[in-house]
Structures are given as structure tokens and as C-alpha cells.
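Single-letter residue listing:
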Amino acid sequence: MTVKILGTGCKKCQNLEAKVREVVQQNNINAEVEKVTDLTAIMSYGIMMTPGLVIDEKVKSYGTIPKDDQILSWLRGE
Amino acid sequence: MNNATLKLNKNKFLILVILLPLWFLLYLNLEKLANLIVDSLLKLPQDNHLTSAISFFIFETPKVLLLLILIVFIVGVVRTYFSPERTRKILGGKKLFAGNVSASLLGIVTPFCSCSAIPLFLGFIESGVPLGVTFSFLISAPMINEVALVLLFGLFGWKTALMYVSTGLIIAMFSGFVIGRLRLEKYVEDWVYKTKVEHLEIEAAKISFSQRITSGIDAVKEIVGKVWIYVVIGIAVGAGIHGYVPENFMASLMGKSVWWSVPVAVVIGIPMYSNAAGIIPIVQALLEKGASLGTVLAFMMSVIGLSLPETIILKKVLKIQLIVVFVSIVAAGIIIVGYLFNLIY
Numbered sequence: 019m020t021v022k023i024l025g026t027g028c029k030k031c032q033n034l035e036a037k038v039r040e041v042v043q044q045n046n047i048n049a050e051v052e053k054v055t056d057l058t059a060i061m062s063y064g065i066m067m068t069p070g071l072v073i074d075e076k077v078k079s080y081g082t083i084p085k086d087d088q089i090l091s092w093l094r095g096e
Numbered sequence: 007m008n009n010a011t012l013k014l015n016k017n018k019f020l021i022l023v024i025l026l027p028l029w030f031l032l033y034l035n036l037e038k039l040a041n042l043i044v045d046s047l048l049k050l051p052q053d054n055h056l057t058s059a060i061s062f063f064i065f066e067t068p069k070v071l072l073l074l075i076l077i078v079f080i081v082g083v084v085r086t087y088f089s090p091e092r093t094r095k096i097l098g099g100k101k102l103f104a105g106n107v108s109a110s111l112l113g114i115v116t117p118f119c120s121c122s123a124i125p126l127f128l129g130f131i132e133s134g135v136p137l138g139v140t141f142s143f144l145i146s147a148p149m150i151n152e153v154a155l156v157l158l159f160g161l162f163g164w165k166t167a168l169m170y171v172s173t174g175l176i177i178a179m180f181s182g183f184v185i186g187r188l189r190l191e192k193y194v195e196d197w198v199y200k201t202k203v204e205h206l207e208i209e210a211a212k213i214s215f216s217q218r219i220t221s222g223i224d225a226v227k228e229i230v231g232k233v234w235i236y237v238v239i240g241i242a243v244g245a246g247i248h249g250y251v252p253e254n255f256m257a258s259l260m261g262k263s264v265w266w267s268v269p270v271a272v273v274i275g276i277p278m279y280s281n282a283a284g285i286i287p288i289v290q291a292l293l294e295k296g297a298s299l300g301t302v303l304a305f306m307m308s309v310i311g312l313s314l315p316e317t318i319i320l321k322k323v324l325k326i327q328l329i330v331v332f333v334s335i336v337a338a339g340i341i342i343v344g345y346l347f348n349l350i351y
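Chains H and C are the protein sequences, given in the same order.
Per my numbering, the very first residue in the first sequence carries number 19; after that it's consecutive.
Per my numbering, the very first residue in the second sequence carries number 7; after that it's consecutive.
Treat the hints with care, since some could be wrong.
What the hints assert, rightly or not - Below, a list of computed lysine-lysine pairs in the DSSO-like style, where the Cα atoms sit at most 30 Å apart:
hint : chain 1 : residue 1 : chain 2 : residue 2
1    : H       : 30        : C       : 95
2    : C       : 200       : C       : 69
3    : H       : 37        : C       : 18
Stated by the list, open to error - Sample of chain H residues with no beta-carbon within 10 Å of chain C, all distances over it, derived:
hint : residue
4    : 48
5    : 93
6    : 95
No lab work stands behind these hints, which were simulated from the structure alone.
This structure is a prediction, so every number in the text was calculated from the model and none was measured.
We put the beta carbon where it would ideally sit given N, CA and C, even for glycine.
Given only the sequences and the hints, what does the whole structure look like? Please build it.
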């Protein structure tokens, strides 16, 4: 599974990236976490607020930092 | 909905029902409480500089923090009813002027953070929102900010707070309208109009009322957690000025009769990064010492509304000419408002 964090480098984006990596690691989820900073790439997902969280090319959240258990349930495909 | 979440929701309403009256009780009795602390607890001598500074601090700090918590909470809840997508949809079909008016108003209630300015700009432009209308939004969203509003209301009263909102709106409408009229689309970076934005219909999940409350609480945690320290420091500096700086000290520098004070205040304000939380209490103290309201208002709007970091971010999508036009028009608007208030008051 691929997980993308969309963000140009603001504080919230960094926080979300750190959080996602932590959740992935703690729960031994087989996922590749990638940070997307290119504007055109970010825009191609149609979001207007960063950070965005994309799991397997689906936008799960944007503009907010979701709670840990919410991220985990997305990662588990629930 | 299962039992656990039901219980949780009940708790949230309980919090509201108990906390709200408690808030009012505390807020309305703050002056008595502060006096009690200063007179009976600290036993400070009356009529000296230190006492004056300390009582100012003891009264103003909790007052502003209490207001901040309430307003940020309310704004946090209100913003759950708005999203950039909805705002874009509303603005899409709007012509100039009507569009500028709605964009400026929506700028107040749509969730916005300056780090999202670029995606927002692209999202608006590419879905057909006119450039001038987009600018009205981009000017109003950061300029009319809830923290500044609270501080103005708490330290200056509701009239100044209202003036701040209305002048902010007028500047956003006017600047956006002028930019639209000037037909500056050619100064938007070329790739912007070429990029095709995928219009993901991100399903607007139904939000329950208790989730809106949660959003409000989260906003308080995030915003108040970030700015409280600046508020305290700002009020402390303000208290120092209040107690020690002589009356009318600022009159010669930021007073009405000084014609250049407004433009200078605006120019100084541009590179200062918006920390409304720390600046407003200082400014309030200056006002007391003879600075004039128009000058002070102009300074604040320039600090909050025109920030250098945000302008630099915009460089990614705008050519330098357009940035210069944008900054000059907004600055001119603020200067006019500043003079106007100096004239009226």
C-alpha cells in the first residue's frame, strides 16, 4: 500500500507525516510512506487545503490532522 | 450509534451546559476579582506606577484569554459549516463586484491557513473564479482574523472591533475589485492556467453536531495553545507602557497631527509577521498614550493583512508585477482607512 502526505512543508504537514510514520511503524503495517511537495502533483488530487492524506491514491483527509485511530483504521482498510 | 459514543456526546453537551454559565460568571466578576487580588492579597500601595502596571496585567490577561477561548470555540464550530469547496462553488458563477462582496464575506468564515494559500488560489482560479474575486478572498481571509477580533473587542470595546471587521471587508472588496478591473490575468504564472485540476468530488461527510463541538474544542486547543504566550507577553509589555510611559508620549510620534504617521505605520507593518496576539495589547497601551486610532488601526491591518512570508509564497503562482500591484493596492486601501479614522475621531 502506498501512503502519500501532500503538503508544501508547513508545520501541520510535517506533523501529519511524523504521525503517519509512527502509526505505520507501531502497528507493523506494510506501507510505503511518501511526502509529496510538488504543487502540481498536490493539485492533481483536487484538494485546496494542506496537509492531505492519500492512501492508495484515494484522498482520505485534507486540511486537518486526523486522530491516530482514524489513521489506523484507514490504513487497515476499514 | 453505540452506547459508548452516545455517552460521549452527552458528556460534550454537559460540558457546554456547565462551562458556559461558569464562563459568564467568571467573566462578569473579573474586575472585582482582580481588584481583590491587587488590594487585599498583594496589598500594593495605591497610585504608583508598579501597582498601575500590575493591576492592568492581572485584569486584562484573564479577560482576554477568556474571550479568546469563547470566540475561537464559536468560530471553530461555525467553520465546520463552511469549506473551501463550498466557497468555491458559491463564487464560481459570480460576476465582479457581487463576487467581491461574497468573497470578502466568505473569507471570514471559511477555514484558512496561510500555508494553504497556494492550493486555494489554484483551486479557485482553475474552477473559473475570477482573479479579482479570488483576491478579495485571499485578502479578507487572513486580515479578518478571530484572534485579532477578540483582542480588539477585549481591549478596545465592540465599536473598534466592528470597525476593524468592516474596514477589513471594505479593503478586501475594493482591492479585489480593482485587481479584477485592471485585467491582470497575464501576470499570473503561465502554468497556472494550463494545469488541469482534477475535480474530485470529495464527499462531504455528514457531520454530527457533537463533531462540530469537537472541532470547536480542537480549534481552542490549537489556536489558544499557540497564541496564549504572545497574549501574555503582549499584555505584560502593554502593562509596562500603561504604568510607566508618560501621558501623551506617543502624540508626537503616532498622533493625529503627524501627517506621515499613517503611511509609516503601514510600511513598518508589512515585514512584521502577523502576530496580532502580541501586537494588539502593545498598540492598545500606545493608544492610551496619545497615538491616534487611525494610525494604530492602519498599523495593525498592515501587520496582519500584508505579511511578507505570505507574499513570498504567492511568488510561486504570481509574477512579480502582480505581487507589487496587490501589495500596493492593499497598502493604499489601509492608508486611506487610516486617514479616514484620524479624520473622524
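A quick look at each hint next to the structure:
1. 30(H) with 95(C): 26 Å, holds
2. 200(C) with 69(C): 51 Å, violated
3. 37(H) with 18(C): 26 Å, holds
4. 48: 26 Å, holds
5. 93: It holds; residue 93(H) is separated from chain C by about 18 Å at its closest Cβ, greater than 10 Å.
6. 95: 18 Å, holds
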